[in-house]
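Protein chains in written order, with the working numbering: chain A, 27 to 469; chain B, 4 to 291; chain C, 491 to 817.
Bear in mind the hints are in silico, worked out from the structure with no lab data behind them.
Covered, in the sense of this in silico footprint (three residues per stretch, anywhere, with C-beta under 8 Å from a C-beta of chain C), are these stretches of chain A:
1) 269 to 279
2) 342 to 353
3) 392 to 398
4) 401 to 410
5) 445 to 457
From the three backbone atoms N, C-alpha and C, an ideal C-beta is built for every residue, glycine too.
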Amino acid sequence: MLKTFKIGGVHPAENKFSSGREIEALALPKTAFIPVGQHIGAPAAPVVKKGDKVKTGQVIAQSNGFVSVNIHSSVSGTVKKIDLIPDASGYAKQGIVIDVEGDEWLETIDRSETLVNDFSFTGEEIIQKIKEAGIVGMGGATFPTHVKLVPPKGMKAGLLIINGVECEPYLTSDHRLMLEKADEIVVGTRLLMKALNVEKAVIGIENNKPDAIRLLKEKVAAYPAISITPLKVKYPQGGEKQLIKAVTGKEVPSGALPIAVGCVVSNVGTAFAVYEAVQKNKPLFERVVTVTGKSVKQPSNFKVRIGTPASELLEAAGGLPDDTGKIISGGPMMGKAVTSLEIPVTKGTSGLLLVPGAEARRDGRMACIRCSRCVTACPMGLEPYLLMTASEKQIWERAEKEKVMDCIECGSCSYTCPSSRPLLDYIRLGKGKVGQIIRSRKN
Amino acid sequence: MSITIVYTVITLSAIGTLSAVVLYFVAQKFKVYEDPRIDQVEAALPGANCGGCGHAGCRAFAEACVKENDLSNLFCPVGGNECMSGVAGILGLEAVKKDPRVAVVRCNGTCEYRPKTSNFDGATTCAIASSLYSGETDCQYGCLGFGDCVVVCDFDAIHMNPVTGLPEVIDEKCVACGACVEACPKMLIELRKKFPKERKIYVACRNEDKGGQARKACQVACIGCSKCEKECAYDAITIANNLAFIDSDKCKLCRKCVSVCPTNAIIEVNFPPRKIQKETTESTTVNQ
Amino acid sequence: MSNVLTISPSPHVHTDDSVRKIMYRVVLAMLPALAWSVFVFGLDALRVTLIAVAACMAFEYLIQRFVMKVTPSVNDGSALVTGILLAFNVPADLPWWILVLGAFVAVAVAKLSFGGLGSNIFNPALVGRVFLLISFPVQMTTWPVTKQAAVDATTAATPLGLIKEGILNGKPLNELMGTLPSTSDMLLGNIGGSLGEVSALMLLLGGLYMLWKKVITWHTPVAILGSMFVFGGIFWFVDPEAYLTPVFHLLAGGAMLGAIFMATDMVTSPMTGKGQLIYGVGIGVITMCIRLFGSYPEGISFAILIMNGFTPLINAYVKPKRFGGQK
Ligand code: SF4
Ligand code: SF4
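Bound conformation, chain A alone:
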């Protein structure tokens, strides 16, 4: 029996069209639009001004507090302006616009392909390097990695879990990365272990990627401290709490962080970025993005500079299909629908999914038939139908009592509801409101 998490879960059609496509480097954009807030936490403060010449890899915005990270230029050229640029949600946010001229990297970055295996750093040095390189969780959560690596006082990490699950349908960026950069990921994992001072690491990979499991098993054979755990395919296994449960059998208590059960979870993309930052001095300014969809001509995996407009990725994947009805940044379960193709790739963009018009709209909402499928599907053991009603009727106390704050917004409930009820829409609203209430109570 393969390991998996116990409560709930669904199994949407996988549709991983691009899993056989090697990662290609995408041509540089003409203009890069780099938002200063690409992570959870305070946006970075720009340190360049209009007209400045910047090199690839140079810091252009400085981290603004502990939970915040540096932003680096992903291209070389001239700063055109520092202005509001549209983000994925259509609201204008501050960003730095750079006209690209050539591709001149900072001299300190090692651009060779040779595998470096240098473990002369101390844990603090590694964390410092990660912090300077602006690394965030690459799975989409974009939480600053260096913050995760410093457990709160009195807590100690015992196990590092590397998330190679990629449970979102369609997306294949992590899968490709594991196949093509396995050595680097292993080095990155070892660096993270050293930074955290843990003895053990587990790489969790869903069983629908047997090639990646095989390859990584070979690569870690020499390091008994790292093991590979194949997992049964089930969404949302990539959720931190679900992954910890699947791998260790431990449940993170309600409202607590993974560190409460001695675990730290990092994405394979993050492990790779850590490798590059520590061994190659290369800050985080490019990432792998899957461009996919049922009508996309050439579903692909691209290595893309941060700040590249989405339209350029699409161009390289064979152009925008005529029947596009919805554009999603990320996967279909947790991704965000965007209004325009001008939004730039950010540190958290794992994919770009084009949904044909016929599938873009939801089915009409019907009355709840109390079939309890949402309850069965919820990986957090919640009662989505109840939470939705509480939020819709604005009974926030009830929503709080029924643990609305535990919802991980995985969308399994909305996915599974035969009445097509917008469960998560309302639950998210309830989470927001209850969160506000809790915060105001604390003050």
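We have chain A; now place chains B and C with the ligands onto it with these hints.
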């Protein structure tokens, strides 16, 4: 037969009496002393329980009035000055006088002026739509049109106009409780001073983008050109973040600003038609 | 690209399941039992079923359209299911007007007056059935004989009815035993009874199909049948002279129909597996109490309705196991 009925009656009466006695003693035991003035004040209030005063219903407001012993921070928007002076009379206090107010929706981005650039397909509430993204048009400040304000209004005073896609306030019904002001995630609704004959002049826009961008998203957006600010003789207009705002407490309804606005973002309501004006200004006159 | 893009909150994919599909699966699951009853009761069974279905759908449409003034939702299949279930619960030769009345009570009173599909507290078909049973006790308890029965009579009694009547008349059980049909006849459905309840085998077949298609979970049926078995078993064990075997109880009357099709109705049963177990045991125990001690020969309809009433309470107290919850 008849004996059965007699027994039944006797038993039931006995149970009834017993319960009444028990209830009486229980009520006596759990009785709490309450200031009788609370009841009096409550009776003087409109009883709408709308929460417009900031208290959880009329009873809570009445309790607050009695407890505070000072009415300067307490006001019932529904009952208005008359009601408050009544309350003040009961408590022997001084009530503050406030100008009556009315809710005004500061967006005129109708379907015609502000084309849709996306289609929202989720739970149709403004709160959910606005937390997801900027809205169906390119104006991130404008009305979303899902009517959270309508749902929240206890007085049936605000409705969606299906033609414009915007909410409209029925002035006679609006009691200025402020529920819609709270409900609107775009903060479009303002409680403005009520003028005679329901006349109003206001900037029907909240767009803080730079002029060009604002105009591109919506034909009747305020572009922050500050022409109106210069025109106003009463200092009622201020420009901040590319957006004009008319302070209804200073405005004298002279209507000068309306004609200088290049985008017709300033709206005049319930005025007689002008004699020597160009037609465009009239077309912006909304009859509410 | 269609000129304006659609924006919606995640998730952006949806299962291809729908209320309609679920309902049609239930209908499919009922077909074997229906076919069997046409086989044993002749075309009468089909007639009754069609009338019940037509009446239910018509009432649903008309009331939603003209009284509630909402878009009618007849094609969601729920009225169809209610119609068939109602037909399953009446004798195969019930006059049409009684059926129509039953359909009216089921759809108008038990379902739409609560707000329609999903808001009703009690199983509509059962409310219709119980209403008819109380209003027309004679018509509702006169069962036609099966075509296969060798007896020369125009009406038959149900096995449970035989027992109850016999015991009320003071006959000892072992004397009554002789009049009872054999287990295999009961399994197949060669006995008197309501249209859909006679063949335990066909009902089980439908139940297995629904389990396979995940329309129902095992909790409710297993809890009902299990508790009936245990409860009946205890009495039988203590005094086999006075009580019938538990197997007889499972096969007789509406136990199978109730456990598989009526009690598992999504709308009126609890949301969690644990809750469904409590609910099922409640039904089983109440059914057996009515059968053994009550004046009605059969009690599963009442038992289900009673437990339907407890469902909101069960939902309020029996919560799913929360992830990371202390316990
Ligand atoms: S989105 Fe929340 S409520 Fe819905 S299934 Fe996921 S965790 Fe449960
Ligand atoms: S899945 Fe949908 S229909 Fe079923 S109980 Fe949940 S909300 Fe109701």
